[in-house]
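K.L.:
Spelled out, the chains give:
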Amino acid sequence: DAGVIQSPRHEVTEMGQEVTLRCKPISGHNSLFWYRQTMMRGLELLIYFNNNVPIDDSGMPEDRFSAKMPNASFSTLKIQPSEPRDSAVYFCASSLEGRTDTQYFGPGTRLTVL
Amino acid sequence: SQQGEEDPQALSIQEGENATMNCSYKTSINNLQWYRQNSGRGLVHLILIRSNEREKHSGRLRVTLDTSKKSSSLLITASRAADTASYFCATDGLYNAGNNRKLIWGLGTSLAVNP
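Line by line, the protein sequences give chains A and B.
Letter by letter, the first sequence follows residues 1 to 114 in my numbering.
Letter by letter, the second sequence follows residues 115 to 229 in my numbering.
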């Protein structure tokens, strides 16, 4: 069975551009998470979906960030406009049941904003 | 300070030695999980220990949990170069005044196993 799939794996963009990160969770999992990881701040939860509904977006840094989950097999994280401080590795993870269950992570998207 | 704080922050050992990492947390928990992250990769779940368990084994991994001290340790025996990675603990801690829980992550221990 395929794990969590993320695309692209690497993204280099210029400040002010829109960036869209994509995620396909493991089939049958009802929870999806977007994380950001940096050396300075470690692993930060950005947003948590349960059954395609955003439950907790308190970790979204500001209005420039938005996330959607139109169906059980696809989610996007969008940054518009992007800034250099958004440079980080963004992970998508899914779990079978809820936000305290074992999480399965994708390979991540390394974002560099110049 | 954060729930799920690991120590040490970094650990360097020789192949064949044992590696021990610790995790402390603040609120009550139902379970504690350990994850591994190889450089440039996503986190991989290693083991989950429930609050009513004191010790759990998986291959060369041994996890202990002391709920009275709110701490856990991860022991990797007979380490290999392939064990070089960062190790994170995550607890299903309480995060607001209610009874809501979420997975709370530590900052990780960076383990280097030298051949």
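Hints were generated in silico from the structure; no laboratory data involved.
Do not rely on the hints blindly, as some may be mistaken.
[Unchecked claim] Short derived list, chain B residues pointing at chain A, Cβ under 8 Å:
| hint | residue |
| --- | --- |
| 1 | ALA133 |
| 2 | ARG215 |
| 3 | LEU217 |
[Unchecked claim] List of simulated lysine to any residue pairs, SDA-like, C-alpha gap at most 25 Å:
| hint | chain 1 | residue 1 | chain 2 | residue 2 |
| --- | --- | --- | --- | --- |
| 4 | B | LYS184 | A | GLY98 |
| 5 | A | LYS24 | B | GLY154 |
| 6 | B | LYS183 | A | LYS24 |
| 7 | A | LYS24 | B | VAL158 |
| 8 | B | LYS184 | A | THR102 |
| 9 | B | LYS140 | A | LYS24 |
| 10 | B | LYS140 | A | ILE55 |
The C-beta atom is built at its ideal place from N, Cα and C for all residues, glycine as well.
K.L.:
None of the hints should be skipped; say for each whether it holds.
P.N.:
Checked hints:
At a threshold of 8 Å, the smallest CB-CB gap from ALA133/B to chain A is about 20 Å, leaving the interface hint violated. A hinted interface residue such as ARG215/B counts as satisfied when its beta carbon comes closer than 8 Å to some beta carbon of chain A; here the least separation is about 5 Å, so the hint holds. A cut of 8 Å between beta carbons decides the hint on LEU217/B: the least distance to chain A is about 6 Å, and the hint holds. A hinted pair counts as satisfied when its Cα atoms are at most 25 Å apart, and LYS184/B with GLY98/A qualifies at roughly 23 Å.
The suggested pairing of LYS24/A with GLY154/B holds, with an alpha-carbon distance near 19 Å, which does not exceed 25 Å. Proximity of LYS183/B to LYS24/A is assessed by CA-CA distance (about 39 Å); at most 25 Å being required, the pair is judged violated. At roughly 17 Å between alpha-carbon atoms, LYS24/A and VAL158/B fall within 25 Å of each other, so this suggested pair holds. Distance restraint check for LYS184/B and THR102/A: the Cα-Cα separation of roughly 20 Å lies within the 25 Å cut-off, and the hinted pair is therefore satisfied.
Restraint check for LYS140/B and LYS24/A: not satisfied, since their Cα atoms lie roughly 34 Å apart, outside the 25 Å limit. Between LYS140/B and ILE55/A the alpha-carbon distance is near 24 Å, which keeps this suggested pair within the 25 Å criterion.
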